[in-house]
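With the hints as extra help, turn the sequences into a complete structure.
Each chain is listed here by its residues.
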Amino acid sequence: MNRHGAYTNGYPASWRKDDDPYDPEGRNGPWIGNKEDIIDDEKDSWDHKWKGQRHPQSSRRKLFRNLGILAVAAILLFWFMSPTDSISWSSDSALAIELDEIETVRYYDLEDVQGSKHGWDREERVLLCTPLRDASMHLNMFFSHLRNLTYPHHLIDLAFLVSDSKDDTEENLQRHLEQLQNDPQAGMAYGEISIIHKDFGQAVGQDVESRHGFTAQAPRRKLMARARNWLLSASLRPTHSWVYWRDADVETCPFTVIEDLMAHDKDVIVPNVWRPLPDWLGGEQPYDLNSWQESETALGLAETLDEDAVIVEGYAEYATWRPHLAYLRDPYGDPDVEMELDGVGGVSILAKARVFRAGVHFPAFSFERHAETEGFGKMAKRMQYSVVGLPHYTIWHLYEPSVDDLKHMAEMEKEKQDREKQEADEKERMKKVKEEFKDISDQWSKDKQALQEEENQELQEKLQKVRDRAKPKDAEKN
Amino acid sequence: MSYFRQTRSSRPALALSAVTLIVLLYFFLGPSVDVSSTLDPLLRARKSAAAASNPLSPPTSAFRKSRSSPGDAQQPLAPPPIVHYQLNNLTASSNPIKNNEKVLVLTPLARFYDEYWANLCALAYPHEHISLGFITPKTPQGNEATKQLQEAVNAYQKGPLSQRFESVTFLRQDFEPAIVSQDEKERHKMANQASRRASMAKARNSLLFTTMGPTTSWVLWLDGDIIETPETLVQDLTSFDKSIIVPNCFQRYSTDDGKNAIRPYDYNSWRDSDTAHELASKMGNDEILLEGYAEMPTYRTLMAMLAETDDNSDKRRLMPLDGVGGTALLVKADVHRDGAMFPPFSFYHLIETEGFAKMARRLGYESWGLPNYFVYHYNE
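Going down the list, the protein sequences come from chains V and F. Take the first sequence: its letter number 431 is residue 431 in the numbering used here, and every next letter is one higher. Take the second sequence: its letter number 219 is residue 219 in the numbering used here, and every next letter is one higher.
A hint or two may mislead.
Said to hold, decoys possible - Computed Cβ-Cβ distance ranges for the label pairs, DEER-style:
1. V/Gln174 x F/Lys65: 23 to 33 angstroms
2. V/Ala309 x F/Ile97: 38 to 48 angstroms
3. F/Gly284 x V/Tyr327: 30 to 40 angstroms
Just so you know, the hints here were simulated from the structure itself, not pulled from any lab data. Computed from a predicted structure; not experimentally measured. For each residue, glycine too, the CB sits at the ideal point set by N, CA and C.
Right, dumping it as structure tokens:
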């Protein structure tokens, strides 16, 4: 289509005549590009209708308004997109997050946390693990030990496992920990504190008798092992050089126990554990029989047992003839003397964290016929770690009387009461006797006196008679 | 001729400038900011609530940096808080996203592959519930891998908020790797296997027991040379609700005539055989049975050999296993918490991941395999 409407000679095909009427839109005029020259669908877009000049002032106002909107938009955009997020945009403080304050990446070199004999100098962190179950009554004692520990407290992380507790262990623990962490005394507060809540259900009752009965041992030890593993796996961090397992019911323990054990620089080390006894039971007794050296007899016994059987120490059913750490104690012996062990007890274990990192744990199954802490010792040995006990370095477990002891104590108490009662009865009887039978000695003496007087009188009378009889004789003579 | 004058505030121009400004701002503030996620207050609140208030906290959580302005240095830091963890409420279910279950992805890394990282970042499981843990040896090669990985991680964790992982932990291992050579032939020599796998087992245990936190529900073991998995790997594996589950580890390669094909790679997932039992019974205490070596035919049923590679195969086909491989392995955290670890010694004549399956079995957990569900190993 020829839009230009021009002839080949260059003249427009419809030359505007001077007398044509003025048509500013050129719609009807014969101009180049007038309406007739535009194909239909282009007409609308060509339809530039002059709407008259807008008022310059209103246009400026609109400009300002638009600029204002733009500025607000820009500010909002900055606000939301600003990577520093320094402006809190909600009154709710939980939403006022400073995301750059949150770090998501951690880096640790495990070679820095191997554990050395001078841990406190090298600022090595210690994880202190304590399993608790219905242990509310021991917490006072336990926290007094914690307060007195001489290892720098800020280097110790505490981890507790609260399981299957029916008493107020949890509340009591929380209260004690709050006191400890907010203690005004500098250096009292500990490091990370984790309380793990997990119930395992109870294989056996927790009272002393069912706890220490022979048949209950295997399932009980496996359950305890699970509990220990849960506690450890939830609280061991890449920052720990040492792990110290400590039961809550330790009564007497040197405050320097961590440093003392650490100084030996062994992978796994346990002190001797005894318990005080009432005098009638001999005053003291070895408590923890789980620390021992392997014997040929025990190895032979292990081979005869079922895959799932667990050898437990200190029961007549398994005569293992193993040398026990507990029995080797000499109260005046050198506390630094070491003894190689194969099984360890769990009352107080200091181990290098690398032992646990390498995978040594408390077997909740029968590992080489042992479970829990004894299996732990065995596994550590299996992985070529040193396992050592200190026969003459003793800590004292709380004395909880056994059922036999309780029976005996009840008997003794009864005897004592009987004796007291007997004595009281005797006294009472004597009193009664005294009351009921009047003292008649006075009467007797009176009577005696009366009799004597009577006798005297008679005597006098007799004498008088004799005298009287003699007198007339004398008178006759005269 | 006033009607020809351009008005200064023509609307298209204004709109155009606004758009330009926005675009400029967007580019100026960089690709680090994702508008949609940054604007999501719920996500921000969740992220904030999940962050620990003290650096002394489980590595599976982010933490607030202690302010290090000079004024604060004078004041002693407040003691760390007392934190309760309710492990009774922790679930590991077949619907982990609904239950907000935390997944810990653990990788013993010797070499860094971009494909590995890209694959990891593409996982469809909500990243705010994923924590990563890496352990690298302190060898020149390990240093290089760590450096590359750190760069990738640091860049990624500054990216869109919704894509960031909950936390990332780097560990450097504290023992020497058994052999320095990572050459594939050398690595797979039978004589070297025992010490190599013992060292690997220790690396896995170190990584596991220091990074597993009190909130972890699942542990996904993913080797550093797994370069291709389905995006829904976590959801798919958890959906079976098994304590231990292993996909089949294959490898892509080109055949001699240039075609792409796949072949089995990991032979450590198997069902036991009587022959193997017999072999084991004759072995010394510290000897181990190895799979995939002609010198020691065990006649075990290998999952790698049971794969149906055609497209119509049932991807959800399950098989019980006695030994598992560790290239990709999903484990309920409870299994590890009970004590199941990777024995670095001969445990029933098994070692590392195969010993792990045995130890889990001793603790009462069964292992399962998915012969038709593939992940792919790097081809050296």
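Evaluated hints:
In this structure the supplied range 23 to 33 angstroms holds for V/Gln174 paired with F/Lys65, their Cβ-Cβ distance being about 27 angstroms. The hinted range of 38 to 48 angstroms is satisfied by V/Ala309 and F/Ile97, whose Cβ atoms lie roughly 44 angstroms apart. Checked against the hint of 30 to 40 angstroms, the C-beta distance between F/Gly284 and V/Tyr327 comes to roughly 34 angstroms, which is consistent with it.
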